[in-house]
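A.B. asks: Sequence:
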Amino acid sequence: MKRSIIAVGAMTGLVVAFQNCSDFALQDQVIYEQGIFELDSKTIPALLDSESLNAWSKPGNPNFVNDGMWMADQWSLIVAADRAATGKIITVSSGLANEESYINIASGKIRAVRTSTGGAGTWSEYLETNVPASGDKMVLAATFGAKAGGISLMVNGILQTATLQKSTIPPGDFSMVAKSVQAAPVGGQVYEYMVFGGDSYYKEGKLTDQQLNVMSRYIANNNMIANVLWDPSLTAPSSDGDEVNPKFVIAKAIYDAKCISCHKSGGNSPNLVNLSESKALSNGWVVKGNPQGSTLYNVLKGSSGGGAKSMPSGGSISAAEVQAIADWINSIK
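Numbering-wise, the sequence shown is residues 2 to 334 according to the numbering used here.
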């Protein structure tokens with residue numbers, strides 16, 4: 002419960018402080034913030050209350066969560082550090098470097114590295130990208146899966162798309178053995194970090210890219226680090242298993258605000274409570290890439306094409322909100 006209270010207290014300013022909507026050509030800041038706040042408000046409390054949160058070092062309380070040694074074969078790291086920091090910023094290992102992952106900075110490059118030592122020797126693989134060009138501080142995040150190739154790297158909320166580099170020695174999987182964390186940069190300072198770890202069989206510990214972004218922005222907010230952004234390229238599973246893009250999240254926030262007071266169980270048809278993209282498609286309410294042919298668009302006041310243009314009944318909807326609905330439908334492939 003304590004962690005959830007902290008989450009709620011921090012979320013109010015999370016999106017507003019660090020996202021410039023013009024970066025992503027969204028036409029209405031309020032709509033954008035509404036959609037991303039919905040994501041944050043579901044993700045942050047759940048992760049902060051998760052049993053997978055094994056370590057959380059905060060300013061003024063370095064052992065806020067400290068499980069010491071914990072069992073995991075996959076994990077995720079989020080760390081706020083000086084942009085000038087060098088060396089191994091944060092490391093998770095099982096001891097003796099036989100299973101190890103870390104974020105390293107050297108010569109202006111950031112690497113997310115995993116290594117394992119076995120009978121054939123030590124193998125390694127890594128993703129590499131540039132240190133940000135500006136700002137005194139930055140937020141780095143990475144996930145390391147149980148199997149080789151399972152690395153992702155995020156810098157200031159943006160997922161990096163570098164090619165994975167591998168050694169020639171055959172890789173081995175990480176084992177479900179005790180792990181520990183160390184944050185010890187050579188230069189600069191680490192301000193805050195979180196480590197989530199768990200069992201790959203139960204899909205614990207390895208955050209989705211979207212979750213990694215949410216927690217990157219959460220830690221940025223805690224440490225007043227600007228320019229840690231929502232990455233619009235990210236998708237993440239919804240509660241019903243859909244792949245949800247940010248434009249749908251924004252559209253859903255509009256329907257929730259404008260429509261579900263009437264369009265709910267026992268109310269007017271269609272029932273738009275718990276709307277999902279797959280539900281809208283399977284019921285014929287929207288047509289991929291065709292707003293004018295989609296009922297959920299062409300009934301809206303101010304929409305183009307055919308349709309009654311009568312919704313929301315007794316209420317209003319802005320041109321930017323109507324455009325956001327069209328943008329969502331156009332984005333469906």
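It is worth saying that the hints were derived from the structure and are not from the lab. Be careful, since some hints might not be right.
Keeping only pairs whose Cα atoms sit at most 20 Å apart, straight-line, the calculated EDC-like set for lysine to aspartate or glutamate is [said to hold, decoys possible]:
#	residue 1	residue 2
1	K148	D68
2	K289	D328
3	K110	E129
4	K89	D137
5	K43	D68
6	K204	D174
7	K302	D328
A.B. asks: Are K302 and D328 close enough, with their CA atoms no more than 20 Å apart?
C.D. replies: 16 Å, holds
A.B. asks: Do the alpha carbons of K110 and E129 lie within 20 Å of each other, as the hint requires?
C.D. replies: Satisfied, since the Cα-Cα distance of roughly 7 Å is no more than 20 Å.
A.B. asks: Holds or violated: are the alpha carbons of K204 and D174 at most 20 Å from each other?
C.D. replies: 15 Å, holds
A.B. asks: Can you confirm whether the C-alpha distance between K43 and D68 stays at or below 20 Å?
C.D. replies: 25 Å, violated
A.B. asks: For the pair supplied as a hint, K148 and D68, confirm whether the alpha-carbon distance does not exceed 20 Å.
C.D. replies: 24 Å, violated
A.B. asks: Would the pair K289 and D328 pass a check requiring their Cα atoms to be no farther apart than 20 Å?
C.D. replies: It holds: about 11 Å lies between the C-alpha atoms, which stays within 20 Å.
A.B. asks: Is the Cα-Cα distance between K89 and D137 20 Å or less?
C.D. replies: Within the cut-off at roughly 18 Å; holds.
Hint compliance for this structure: hints 1 and 5 are broken, all remaining hints hold.
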